[in-house]
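My request is simple: use the sequences and hints to build the entire structure.
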Amino acid sequence: MRSILVAEYFAFVVGPALGLTLNDLYPFGDQAGDTAMNRNDDRSSPDIPISTLFPFFNHQHTKLIVNTNGVISFLQRVSTFTPDPFPIANDARMIAPFWADIDTRNGGTVWYRETTNDTLLDRATDEVRAYFPGFFRFKASWVFIATWDRVAFYGCDGGCSKTNTFQAVLVTNGQHSFTIYNYEDIQWTTGKASGGDSTTGLGGTPAQVGFNAGDGIVSFTVNASRSPDIVNVDEDSNVDIPGKFAFRIDASDISDGGCNTKGRLTITPRYGPMLGGQYLVISGPCIEPGATIELNFLGLPDKKNCERKTEFSMACITPMFLYTGDAIVQVVIEDQQGDRKTFLGRYTIINPADSKHRVYRHSASDWFSGRQQISWDPDVAELKDDEKVDIHLFYLKEEDNRGLKWQKEILKQGVQRLLGTTELFLPTNGYALAVRVTSSPQRNDQFERGIWSDIFPLALRSDQAFSLCKNWLNTEAKLPPLPSDDVQPCPCTLDQALLDIVRFQPDPDCNMFNRNSQFSRTGNCLHRRDAAHCIRLTDLGQQMDNLCCYDSSNNLIDSRLKEGGSLQRYHYLGGSRIYPYLTNFYFDVLPFLHCCRYTRNGYNVVSGGNMVVAENICPRFFTHRKYSSCENYEPPRPARTNGDPHITTLDGYSYTFNGVGEFVYLKTTDGTFQSQIRFEQFRKENGDLVDASVCTAIATQHTNTSGVVEVRLNSIRTADILVDGEVIDFDESNAHQFPGAFVLQIASNDSNINSTKKEFIVSFTEIGIAFKAIASSKVLNILPIVGNKSLAGSLRGLLGDFDENPNNDLQTDSGRILYPNSSTEQIFDDFGVSWRITENSSLFTYEPGKSYDDYQLRSFRPAFSVPTNLPPEVVELCGTDQECAFDYAVTDSADLAAETLQITVIFNTSVEASYEIKNCANLPSVVGGVWNASSTLEGSNATFSCYPGYEMDGESNIVSCRNNSWGDFGNFSCVQINTSSTLEVTPTLFTTEKETSIPTTSFLKEIITTTTMEATTTIEDDLTTTVTTTSETEEISTTTDIPTTSTSQTSTTSLPTTSTTQTSTTSLPTTSTSQTSTASLPPTSTTQTSTMTSTKQWTTAEISKSNDQPTIFTTEKTSTTTYKPTALTTQSTTAKQTTSTTEETSITTPNQPKSSTKSTTTTQTISTTEDASTEQSHQTTTLTTNVSTISVTHQTSTLNIKETLQQFDEQFNKILPYVIGGVVVIIVLSVVVGILFLRRFVQLKKKKNNSSGTYTHTDGFTFYSHETNK
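Residue numbers (the working numbering): 1 to 1270.
These aren't lab readings, by the way, just hints derived from the structure by calculation.
Be aware that a few hints might be false.
As the list claims (entries may be wrong) - In the EDC-like style, the derived pairs of lysine to aspartate or glutamate whose C-alpha atoms are separated by at most 20 Å in a straight line are: (1) K139 - D118; (2) K63 - D91; (3) K309 - D385; (4) K778 - D688; (5) K309 - D122; (6) K304 - D256; (7) K412 - E448; (8) K789 - E916; (9) K309 - D256; (10) K309 - D335; (11) K626 - D486; (12) K778 - E847; (13) K778 - D892; (14) K408 - D302.
Said to hold, decoys possible - Okay, the calculated beta carbon distance ranges per label pair: (15) S814 - L857: 18 to 24 Å; (16) S822 - L322: 45 to 51 Å; (17) E334 - R717: 36 to 42 Å; (18) K303 - D724: 27 to 33 Å; (19) P739 - A36: 56 to 62 Å; (20) D386 - Q330: 24 to 30 Å; (21) L857 - L322: 48 to 54 Å.
Remember, predicted model here, so these are calculated numbers, not experimental data.
Using N, Cα and C, we set each Cβ at its ideal position, and we do this for glycine too.
Have a look at this one:
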């Protein structure tokens, strides 16, 4: 930061008249560890290997050369003493801080060194971030310092008192590079041999300052170069610090640092999450100290302030949005004099499903209410300005007309930011949740800053999920059904899904390309556990979606069997009055989880007549969301261009066209769509050009629908995607949605493809044409895909006409058709070059200094045939593949040949996937059961099974898919099992696939300390149930770790025609279940009265309706239970339980009002062999159910959560030793009882008794035996 402070000081305090001092330069000389060049004239250092790749003008360099004449070069030495005007060709790639005729024999020293010293790296990092606000995340990894210290000029006389001191600092992070020029003192400009005065060093041809790419086209010079004014370079600046210049030099054009007054905003990051809170650095305008900055996203009502960081930049925070896409940013700067200036910029909002998440949820598969763990990156810009953070929970609440609104609460405050992790307690306030780590404290005049987790569901107990599922089913029944017949079917196999990038795109929540980075995505396929890869429709169409998922065997998943895809009412991209991702998650993803995951292993009891069964509610979900099907699916058709261009058309005709230039790749006959391809001459590693060409770029546009999307090679980043000339940044998201186009950067799915290569998908969604581009350093391989059959016969260009006839694909621009057996040379001369584009029709973006003509080499003649005598290494690599052999022989590049071979394999897989696959219709749905099959493809077998609680009536057959049809299914049905009227159920806290462990005592303490919570369940006439929570804290699921040996609960339900009788008997935790129960009750050392709650699984009676006359079921029940626990101080204790139950039940129909009342009183005594002085606590549970409302009210002994927590801690610490003692006593008693049991059993064996029956012994054990003969 010292350099920045110095910059501010010189710019605003000292004023522009003063320049830098020696102390402002980076340390140099012997004491800094520099290397000194020998005193010389016009000489250079040896090649200096550097420890990193240094990007310069889109080229990577591994060495450099320091030249005495004020130049750092990369490819060759510079001994020229009179500077030539830029640009210069002949690979004169150079950085020129002061190119002039320097002669160190007359005085001075040239020093240089590379360094990775942390202090210098931090200094360089601070300077880059200050002068280039868009790189506020930049971190230097390497620095090179070259210093010309008090150097004299050639031909000086009079003691050579005129000297110059300046410095060039090269900085990089491996991807981006910058140069800082520091000028301490400049006294001369020209050597005598360049026409300068020998005394003053002025006149003649003065020095040049700038950069040269070495291609004769691209360069950059400071304005005063080669003019007398260059002597004042130590007083000038492009960053408002006299004597200092800063440039970004890795790209093809050189970027100045600093600010401007042109009114254009540069916003970094350019893209950000829809949920907001992102830290933006905005640059462009010059910002005076004391100025106020107002930020507004046009279309949003709120306006907030930004914070001035430097003269060149401001920091702003984004709000929460409810839409995605481009937003216009307006910044108003008002200086201290009251003058206001308005600046505009553009910012792109990213869908929550596509944005990278920087809060990581541990064990994220199912987050139940309770203790959970999160982590985050503590160094992100959103948090780094503060030492502490707060943890917020956001949850979605449904409003009228299916609207959604975020609500939030604080889970934790004042967490140390640098910890990067914390534990939190997840409440039950909502079902669609997100966690935000928020900077603390917040600024009142700014939007809240923070980083987000993914949006995730609250995992539920089966009874809760069952209730919510029924709500959803009843609501969906009132909505228009989804038009499943009009939806694009799913691809039948994973290979077809990977091919069909035209009509589908990878599901951002579940795809095989997701790399599980700790700070990007929490996990993959969290909502579809059985899936390995899912895809979604690319076109919004009717704003609905079709989610198709594939398992590890590459088969389409039938969601009736496993967690797979289905139709969805809302597309995750959003639409008219549809919030992107949020609406889809809330109304499509959550219901699936509620109906098919969280209820799957739980008992949801449905009573009817004298039968009690466990209902599987998941099949009812698919009556509203049709499961995935590939019936009537037609695959798209692929083409390819790879290597020394080998082309296969859309109709399957293969040929080689290795021209040099830009050509029509594919276009529609009406001109509404056009794709152009660029071929450049291949260059060997040593720089030699060969008689071959490769693809290096492709540019495509769907006119009036999309912008121009261009993919082109880049020597530093392998390849870039540009939309309308702007390079797309994938730092915030791997996927970008644009009008009419979808762009995705993915990690290669093929293990044979080098991981350093890049793969992109570019899909033009409205016309049905897409391209997959696989890029390496030398070649861009293209796999075009067309999935719109209406385009048949209406396409032209190098890829043919798409009419299923390969013999007419060689059609020239004028309409002439060449014979399919034409030679490669004839194809080159008569067909390929005819599709060369004109300058006016070009869609390409040309780099600075280059134009259309620079890429058109009309005189180029390639090699047309493969040499007959191939070297052994070619045969070894390529085998019989002629295209691989051709590329190896012509280019002498084994890498290119191997890549040609790999892409050919990928293309052949795509061709196989493009054939239609025989398959059968969907297996029929059957009430109470399901058909089991791995797929519906030809040759698949299917068997049938009934769900638990059902049994098969009749007999089903094992059927096979043959000739697009299944065999005879058989004559059968699944009927409910007619069981006893008593169904014994063991309640569990969680009934999902995730195993639940017994909570720890600390966890138990946190659960019990809650404030007042009310849960109200409303049952409407159509049995719609809504759960509403009115508490600020978490809903309790009471679980105890007090030791018991067993728990049983028996419910008996009978529903006669005119009356209802219900008897409930619940036993306390006991050692054995009988009329006399032995229990270990929790001891307590002080008198305490409290009200506690217990968790029960409620069952909803499903009342059938006949003749459209609804039956109203009313129950009123009051149950009071009193426990009298005693302190565990002796071996004898007596506890009593008295249960009084009064139940009133009525069943009423509008035409036949009937009622029935029954009162039941039950008294039960429980004895244990313990006695001591007793201290009382009471537990009361009240349940009241009427025609429309079941209300369960839980209260703790105080409304103040802090007081409750404190009291509980005190009581818990007191009883903990007794609990431990109780456990020990139980263990001892168990051992004693076991010994007695064994002893009695031995005694019994000694008795001879031939009768059968039951033996009851005085010690309380009862044995049941059919036969006791010995």
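Legend entry - Restraint status (C-alpha distance of K789 to E916 at most 20 Å): 14 Å, holds
Inset, instruction - Sort out whether D335 lies within 20 Å of K309, counting only the CA atoms. - result: Within the cut-off at roughly 15 Å; holds.
Legend entry - Given hint D892 paired with K778 - CA-CA distance at most 20 Å: 13 Å, holds
Inset, instruction - Given the range 45 to 51 Å, decide if the beta-carbon distance of S822 to L322 lies inside it. - result: About 58 Å separates the Cβ atoms of S822 and L322, which means 45 to 51 Å is violated.
Inset, instruction - Determine whether the Cβ-Cβ distance between E334 and R717 falls within the hinted range of 36 to 42 Å. - result: Cβ of E334 to Cβ of R717: about 40 Å, so the range 36 to 42 Å holds.
Inset, instruction - Given the hint that K778 pairs with E847, test it: the Cα-Cα distance must not exceed 20 Å. - result: Measuring from Cα to Cα gives roughly 18 Å; hence the hint holds.
Legend entry - Hint consistency between K139 and D118 [alpha-carbon to alpha-carbon, up to 20 Å]: 11 Å, holds
Inset, instruction - Determine whether the Cβ-Cβ distance between L857 and L322 falls within the hinted range of 48 to 54 Å. - result: 52 Å, holds
Inset, instruction - Quickly compare the C-alpha distance for K626 and D486 to 20 Å and report which way the hint goes. - result: 12 Å, holds
Legend entry - K303 paired with D724, Cβ distance criterion 27 to 33 Å: 29 Å, holds
Inset, instruction - For the pair supplied as a hint, K412 and E448, confirm whether the alpha-carbon distance does not exceed 20 Å. - result: Holds. K412 to E448 sits at ~16 Å (cutoff 20 Å).
Legend entry - 20 Å Cα cutoff - pair K309, D385: 12 Å, holds
Comparing the model with each earlier hint shows violations of hints 6, 16; every other hint is respected.
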